[in-house]
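Protein chains in written order, with this note's numbering: chain B, 1 to 268; chain E, 1001 to 1268.
Keep in mind that the hints are not guaranteed to be accurate.
Derived contacts from chain E toward chain B, CB cut-off under 8 angstroms, selection only [said to hold, decoys possible]: (1) VAL1142; (2) GLY1145; (3) LEU1247.
Hint data in this document are derived by calculation from the structure and do not stem from the laboratory. Beta carbons: idealized from backbone N, C-alpha and C, even for Gly.
There are 2 protein chains.
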Amino acid sequence: MTREITGFSNPLVKRVRSLREKKYRKQEGLFLAEGLRILTEAREAGRLPEMLFHAHEGASHPLAIALIAQMEAEGRDVIVTSADILSKISGKDNPQALVGVYRDQDVPLDAIDRTGSGLWIVAQSLRDPGNLGTILRTGDAVGAGGLILVDDCVDPFSVEAVRASMGALFTQAIVQCRWDAFLTWLRSGPGQLVGTSLRTDQDYQAPRYAAPTFLLVGNEAQGLPSAYEAECDLLVKIPMLGKADSLNAAVATAVMAYEIINQRRVRA
Amino acid sequence: MTREITGFSNPLVKRVRSLREKKYRKQEGLFLAEGLRILTEAREAGRLPEMLFHAHEGASHPLAIALIAQMEAEGRDVIVTSADILSKISGKDNPQALVGVYRDQDVPLDAIDRTGSGLWIVAQSLRDPGNLGTILRTGDAVGAGGLILVDDCVDPFSVEAVRASMGALFTQAIVQCRWDAFLTWLRSGPGQLVGTSLRTDQDYQAPRYAAPTFLLVGNEAQGLPSAYEAECDLLVKIPMLGKADSLNAAVATAVMAYEIINQRRVRA
């Protein structure tokens, strides 16, 4: 059903705006995604927003028209509003002309079909939402099954993480759990746990990785705790030829992930 | 010389604070770098700040003591100040305890010794300072000679780019130029220009890259203009196994850069 909202103090506008804060996302089980590109990725992955806000000019693109038509066919809320109210919701001066409100989608570890993919990314205490979103985007690109977030990671449903994921949030399974729970689950089935470390001499291109590989990525500043490294089946290092001793976390994840899939894929 | 500044309205505090804006950085030829880790990377690369601000507690680490001693030995300005004033300078609630003011360091194309490294990264109209800094950090890790910024890229001396570079800003040569000037210079000597593109079927692991390789990276949203692709000696694609059609720009750069150096390096 399409309706129009023009008032800044409309309670729904306030409620949706509050989803920029983690506390309210948790309470409501909802999060925001912005922009036609990301909303289209979601739709192609079979995910429709619970509510869709758009400015008048946001409904002109054929993909936006198709999205709105499907929302209406399914009896979902479509709200036409002003650019100013979209600004208020998104907290940006130049808001996207489309904002979707989605139900969040954590899955429990038990729901993961680990043999459904040869590669899973496991991030521990990741703090930067841009890194988290970028890792999701890379996960999609390498055909990973999903992202398992261990310990206190930044919220994958934050606006910044969703934006950096470029829609991969909707194609990757997302699990949030504690390390102990992850480890117990991991050891209950097949899976090789691989970490990158400064404390090994094993080059990352030396071993043959076994599927399903669980690629473990540590916190941006600290890397992996040594107790976590000790649980890995394999520790490897990415060569560093310069002065620095580490890569950005999302970059290191991608370099590792491409090595793993390059060992397995048939070249074009 | 060490002196103390306690007043918020001190003209030097205002002047340094203004360096968070590009206009003033250009005017002054100065930029800010924050935190002991980055300032130490700079020092190890032979770069000392023109001025150093620190809180009392910022001078306790041995590396900070060494930096301050060297500043004083060379007659440079060391300013002891409060956490509040450091907050004002850095624009952050929890500022780093050390802030350095550095002279900027663009080099002209003609000053580049292209055969001094087998790999150079060339970025075109890059817009995100985090991506730019991350690419510098990757450049350091792969032993690149430097980063050539073509057309209207984000300022490499912005606080965000400096921070994301984790000090690699001080180890990588940085050139800013127009595409035409770059191309004229490139073709005046040896060098293979390699771009990634969605419009090719050539897998990025198929060709043998020839040194010096100039790895050309396009704008985050648009990729490379087709006229720029047409100038490349080689166009390759990174395999995308999921729904998305592209990687984050800094991630794509790293995946390419590691392939190029992996072809050349001796494994550990």
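Hint check:
1. Interface hint at VAL1142 (chain E): satisfied, since its Cβ lies 6 angstroms from the closest Cβ of chain B, which is below the 8 angstroms cut-off.
2. Evaluation of the GLY1145 (chain E) hint against chain B yields a violated restraint, the C-beta minimum of about 11 angstroms exceeding 8 angstroms.
3. Checking LEU1247 (chain E) against chain B: minimum C-beta separation of about 5 angstroms stays under 8 angstroms; hint holds.
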